[in-house]
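Residue numbers (our numbering), protein chains in the order written: chain A, 1 to 358; chain B, 1 to 250.
Hints in this document: simulated from the structure, not taken from any laboratory.
There's no promise every hint is true.
[Said to hold, decoys possible] Heads up, simulated DSS-like pairs for lysine-lysine below, C-alpha to C-alpha not over 25 Å straight-line: (1) B/Lys132 to B/Lys93; (2) A/Lys195 to A/Lys356; (3) B/Lys132 to A/Lys198; (4) A/Lys140 to B/Lys132; (5) A/Lys356 to A/Lys198; (6) A/Lys356 to B/Lys132; (7) A/Lys207 to B/Lys93; (8) A/Lys207 to A/Lys195; (9) A/Lys356 to A/Lys140; (10) A/Lys195 to B/Lys93; (11) A/Lys140 to B/Lys93.
[Stated by the list, open to error] Computed list of chain B residues with no C-beta within reach of chain A, every gap over 12 Å: (12) Arg15; (13) Tyr16; (14) Thr28; (15) Gly54; (16) Asp75; (17) Glu87; (18) Ala148; (19) Leu163; (20) Ala197; (21) Ile210; (22) Ile220; (23) Asp237.
[To be verified] Covered, in the sense of this in silico footprint (three residues per stretch, anywhere, with C-beta under 8 Å from a C-beta of chain B), are these stretches of chain A: (24) 30 to 37; (25) 80 to 86; (26) 196 to 208.
Virtual Cβ for every residue (Gly too), placed ideally from N, Cα, C.
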Amino acid sequence: MTTERAIGHPATISRGGASHPLVELTMARLREFVREPEAIFWAVVFPIVMSLALAVAFPARGSQPVRVGVAQGPNADAVRRTLGAAPGIIVRDIGADEERAIREGEVHLVVVPTDPPTYRFDSARDESRVARAVVDDALKRAAGRSDPWTAREQPLNVPGSRYIDWLIPGILGMNIMSTGMWGIAFSIVQARLRKLLKRMVASPMRKSEYLLAQVIARLMFLVPEVTVTLAFGVLAFGMPINGSYAAVAAVCVLGALSFAGLGLLSASRAASIEAISGILNLSMLPMWVLSGVFFSTANFPDVLQPVIHALPLTALNDALRAVVLEGATLRAVGHEIALLAAWGIVPFGLALRMFKWF
Amino acid sequence: MINSPAVRCEHLRKRYSDVVAVDGLSLTVERGECFGLLGPNGAGKTTTIEILEGLLQPDEGHVEVLGLEWRTHEDELRQRLGIQLQETRLAEKLTTEETLRLFRSFYHRGRTVEELLRLVELEGKRASWVGKLSGGQRQRLAIACALAGAPDLLFLDEPTTGLDPQSRRQLWDILDRFRAQGGTVLLTTHYMDEAEALCDRVAVVDRGRIIAVGTPTELIESLGEPKVVTTRGTLEDVFMTLTGRHLRDD
Numbered sequence: 001m002t003t004e005r006a007i008g009h010p011a012t013i014s015r016g017g018a019s020h021p022l023v024e025l026t027m028a029r030l031r032e033f034v035r036e037p038e039a040i041f042w043a044v045v046f047p048i049v050m051s052l053a054l055a056v057a058f059p060a061r062g063s064q065p066v067r068v069g070v071a072q073g074p075n076a077d078a079v080r081r082t083l084g085a086a087p088g089i090i091v092r093d094i095g096a097d098e099e100r101a102i103r104e105g106e107v108h109l110v111v112v113p114t115d116p117p118t119y120r121f122d123s124a125r126d127e128s129r130v131a132r133a134v135v136d137d138a139l140k141r142a143a144g145r146s147d148p149w150t151a152r153e154q155p156l157n158v159p160g161s162r163y164i165d166w167l168i169p170g171i172l173g174m175n176i177m178s179t180g181m182w183g184i185a186f187s188i189v190q191a192r193l194r195k196l197l198k199r200m201v202a203s204p205m206r207k208s209e210y211l212l213a214q215v216i217a218r219l220m221f222l223v224p225e226v227t228v229t230l231a232f233g234v235l236a237f238g239m240p241i242n243g244s245y246a247a248v249a250a251v252c253v254l255g256a257l258s259f260a261g262l263g264l265l266s267a268s269r270a271a272s273i274e275a276i277s278g279i280l281n282l283s284m285l286p287m288w289v290l291s292g293v294f295f296s297t298a299n300f301p302d303v304l305q306p307v308i309h310a311l312p313l314t315a316l317n318d319a320l321r322a323v324v325l326e327g328a329t330l331r332a333v334g335h336e337i338a339l340l341a342a343w344g345i346v347p348f349g350l351a352l353r354m355f356k357w358f
Numbered sequence: 001m002i003n004s005p006a007v008r009c010e011h012l013r014k015r016y017s018d019v020v021a022v023d024g025l026s027l028t029v030e031r032g033e034c035f036g037l038l039g040p041n042g043a044g045k046t047t048t049i050e051i052l053e054g055l056l057q058p059d060e061g062h063v064e065v066l067g068l069e070w071r072t073h074e075d076e077l078r079q080r081l082g083i084q085l086q087e088t089r090l091a092e093k094l095t096t097e098e099t100l101r102l103f104r105s106f107y108h109r110g111r112t113v114e115e116l117l118r119l120v121e122l123e124g125k126r127a128s129w130v131g132k133l134s135g136g137q138r139q140r141l142a143i144a145c146a147l148a149g150a151p152d153l154l155f156l157d158e159p160t161t162g163l164d165p166q167s168r169r170q171l172w173d174i175l176d177r178f179r180a181q182g183g184t185v186l187l188t189t190h191y192m193d194e195a196e197a198l199c200d201r202v203a204v205v206d207r208g209r210i211i212a213v214g215t216p217t218e219l220i221e222s223l224g225e226p227k228v229v230t231t232r233g234t235l236e237d238v239f240m241t242l243t244g245r246h247l248r249d250d
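Take these sequences, add in the hints, and give me the full structure.
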């Protein structure tokens, strides 16, 4: 009973039931993370939902039938019958407003049944140009055109070259960026707001261990995040993983470290949730758009290319696609790796200089 | 070194852009003593205690804690001090036990987590998230975190502000037990009954200076004739006389 109430100088050595501070700090961060249902959603569920949604919206290209409308006119029925019988064409009923139907993508092309027929379409759209060729071909053949020869066709739909295969590494890259930056920056700013950072600094805790624990915990969430996203791609869509698992893991870890550095830098001074949300959105939004997550970076004009290829997410996406889809070795993506390393080291150094504990 | 006071500071001065928060403050806290800083809001109590805790750098003046200086012995001092800050909110999604385990891991020596839980009577709440604790329980947890390294000196900044009377008494008991083991306490408060109940000596701080220092009894006697003949004056009378009766809203 006497020892129970004693406080002064107990003989207890060791850490009194606690382990090394780095372990405790990392555990604390991991516990906070798994006890936050939203965090699990963004890290694990979100990439799957996103991949599914995009896979449904953009199924394998090329096999899509073209959608065609037929305008009013004396020969309208004949044209409609001809097109309806031709392969790869769907005839849609459209109202009087042909332009609206084209603008909204309801049909790719409208045939006005004059003699010869008139095609109305938006030549800036790929689908419309395809529709023009398909419709033209069908109508001419029905009118009695004979072809000098018919080419043999070899449809190519091998796993690894479809949009979904290209998309999943991009979504993984995007997720490594957002979970890393949000995860690290948010928890630090929250601790600063709660004056918890100040309290920790008032204890003998080593500041470097606190920051290191944030990064270690981040790397630990990376494991389920990457495994679930890639396993989903492989199991649900038959996406191949052509590179070695070690190379894939190395690229993911390097990407996560790089964005951890940026996350630390973003959080180094922000003292409100509004401020950190603004900083994170401002730094991540350009990368969502420019870094080739959903569509190729080649869509942007040449003047932007140097900027796009200097971004860390572009480097991560390019490296992931090269390793996952093309089976590239780490040496082959050396340029991207160097860029990611630079994006990790420089912000990390700046963050350490700028960091405000309270 | 052994005979050096627990805290000694001289001529502390700290200015924020346009306000002088601490204006030439000197004080000495003896070992084993419970010393209270009393003062209205904005008097400079928190700035003073945070300078003594090595969290703020004074513009001028000299600080010695346990005979050591922050500049040269920060690591040792951090190991030997227990600190509770005003307004710290511990991580809500960690349990009481996990929080203590975390803080305990920073110290080379000290009580076990089990002993700390018993000490602040939170054994029944060991598995509860901090976010689910009452105000009094959170404050006891904060004190347990401050006691995790078996400190020689405990700094408490308004430890009972906002607590109900039972929770305040419980905290006082914990402090009594700490002192019974020879621990030194420096606390700030604006509850006069708390200062009277806990402190061996108090200093009244106003506008960044100490305007009176002594035992609660001395200060009350210095007021002279009590206003009501049958009862002795209280520390509250001393406080009001010294700092004035107008409201301090800043």
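task = Examine each Cβ of chain A, and state whether all of them lie more than 12 Å from the Cβ of B/Tyr16.
result = Its Cβ never comes within 12 Å of chain A, the nearest being 14 Å, so this holds.
request  = Starting from A/Lys140, check that the Cα of B/Lys93 is at most 25 Å away, please.
outcome  = Distance ~71 Å between A/Lys140 and B/Lys93 Cα, so the pair is violated.
task = Would you mind confirming whether the straight-line C-alpha gap from A/Lys207 to A/Lys195 stays at or under 25 Å?
result = Given pair A/Lys207, A/Lys195 holds - Cα atoms ~15 Å apart, limit 25 Å.
query = Since B/Asp237 was said not to touch the interface, does its Cβ keep a gap of more than 12 Å from each Cβ of chain A?
reply = Per Cβ check, B/Asp237 is outside 12 Å of chain A; nearest 34 Å; holds.
request  = Confirm or reject the statement that B/Ala148 sits farther than 12 Å, beta carbon to beta carbon, from all of chain A.
outcome  = violated (8 Å)
Holds or violated: A/Lys195 to A/Lys356, with C-alpha atoms at most 25 Å apart = holds (12 Å)
key: A/Lys356 paired with A/Lys198 [C-alpha distance capped at 25 Å]   = Roughly 10 Å separates the two Cα atoms, so the pair holds.
task = Please confirm whether B/Leu163 is truly not at the interface, meaning its C-beta sits more than 12 Å away from all C-beta atoms of chain A.
result = holds (18 Å)
ask   = Beyond 12 Å from chain A, beta-carbon-wise, is B/Asp75?
value = violated (7 Å)
key: Least C-beta distance from B/Ile220 to chain A larger than 12 Å   = Holds: least Cβ distance 30 Å, greater than 12 Å.
ask   = Given as covered by chain B, does the region 196 to 208 of chain A meet the bar of three residues or more with CB within less than 8 Å?
value = holds (count 8)
ask   = When you look at the beta carbon of B/Gly54, is every beta carbon of chain A farther off than 12 Å?
value = violated (8 Å)
Figure legend: structure checked against the earlier numbered hints; hints not met, in rising order: 4, 6, 9, 11, 15, 16, 17, 18, 25.
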